[in-house]
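Protein chains in written order, with my numbering: chain A, 1 to 160; chain B, 161 to 368.
Hints are computed from structural coordinates only; laboratory data are not their basis. One should not assume that every hint holds.
Said to hold, decoys possible - These stretches of chain A come out as covered by chain B in the derived footprint (C-beta under 8 angstroms, 3 or more residues):
{"#": "1", "segment": "3-12"}
{"#": "2", "segment": "17-25"}
{"#": "3", "segment": "92-106"}
The beta-carbon is built from N, C-alpha and C at its ideal position, and this holds for glycine as well.
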Amino acid sequence: MKFNKDRNWLAKRAEQEDRHFISVGGLISRIDPEWQAEVSSMPNVETTKTAFVRLLQLARRERRLSLEQLAQKADVDLGELVKIESDESFKPTPRTIHQLAEFLKLPAKKLMVLAGLLQVKDFGLQQASVRFAARSEPVEDVSPEEHAALEEYVKFLNEQ
Amino acid sequence: MRETIQIIDTQTGEPVDAEIFDEVALTHFIETQAEWRPVILAAARALSQQPNQGLLIPRHFHWDWTRKEAELKLLAVKFYGLAHEGKLQGIMKVETVAHSCRLPEQQGKPLVYIDYVESAPWNIKKLMAALGQPQRFRAVGTRLFEAAVLQSREEGFRGRLGLHSLPGSEGFYINECGMTPVGRDPHKQNLLWCEFTPEQAERYLAGE
Chain A
1 MKFNKDRNWL AKRAEQEDRH FISVGGLISR IDPEWQAEVS SMPNVETTKT
51 AFVRLLQLAR RERRLSLEQL AQKADVDLGE LVKIESDESF KPTPRTIHQL
101 AEFLKLPAKK LMVLAGLLQV KDFGLQQASV RFAARSEPVE DVSPEEHAAL
151 EEYVKFLNEQ
Chain B
161 MRETIQIIDT QTGEPVDAEI FDEVALTHFI ETQAEWRPVI LAAARALSQQ
211 PNQGLLIPRH FHWDWTRKEA ELKLLAVKFY GLAHEGKLQG IMKVETVAHS
261 CRLPEQQGKP LVYIDYVESA PWNIKKLMAA LGQPQRFRAV GTRLFEAAVL
311 QSREEGFRGR LGLHSLPGSE GFYINECGMT PVGRDPHKQN LLWCEFTPEQ
361 AERYLAGE
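Pulled out of the complex, with its shape left as it was, chain A reads as follows:
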């Protein structure tokens, strides 16, 4: 494809675009009340985020991987992985979550929700995340109870 390289053409077209919307295809007649409700009834991001960090820590430790090894195996940035595990307010990139989902064999969309990148109404996920977060602690060894909680949570994520 041969795109126009002329700066004046680009400036003129940008000026034209800025004066309008460019949307095509179709309208919704109003902001759907359900859509509004969807936003106000989102899963509690803090809870799902805690569950996400715990899930990552336990899944990593179960595989006996250091952060560096996980970063290498999942092909993600080590710095980002460190931030995910140490700072719950950190917002990871969609690519990193996609890579982690592939490595951990988990549904990417679910992981996006847990990581706070996607907002969907899913009370089952919310409840399962609360249960999981409550039953796991970020300690060195994975206890049998934690192992069971991890297995149950991973099964739940893969089932839905």
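With the hints as your guide, set chain B onto chain A.
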């Protein structure tokens, strides 16, 4: 297809390199959903509170992008993405089979149909104005529209292009791009069907 093009950085007013590509994947849809949607929702709310704006919300403001994965596999459908430093700035969906020309002089001839085209909300001046925030990049929609015209050429459709313009966009497609307003489509919410002839497409590409 992946090509380097230029868009305008509003912070410097200068052109910057960006990439336009057609290998759009689910991760791009998820990025759209995760990054764009909260801004779009906030802007839609702000716009809906302005006089005469509340009834004109584009349907894609409401799309669940993660459910659109199946469309990536359709042969007659193509998605284009535009990214700057890896961050998605615009996306477009075109079709080549479902629609044909309606203008009498080219009735029935094949065209490229733009089903969806949008910049990231932070690149839409009017949306950012509604939120009281500055626009980030300019000419993103322009570049995607240009890609649709170029695809039409490559498909052998000689630049023929069609779309259903939303009311707020009609001025852009008719007055700025030079498309012909053919008529309102009762099967498509009475939206205005606009079309490019090969001559109009060439004039657009040349900047006339």
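Going through the hints against the structure:
{"no.": "1", "hint": "3-12", "in the structure": "holds (count 10)"}
{"no.": "2", "hint": "17-25", "in the structure": "holds (count 9)"}
{"no.": "3", "hint": "92-106", "in the structure": "holds (count 3)"}
In summary, this structure violates none of the numbered hints.
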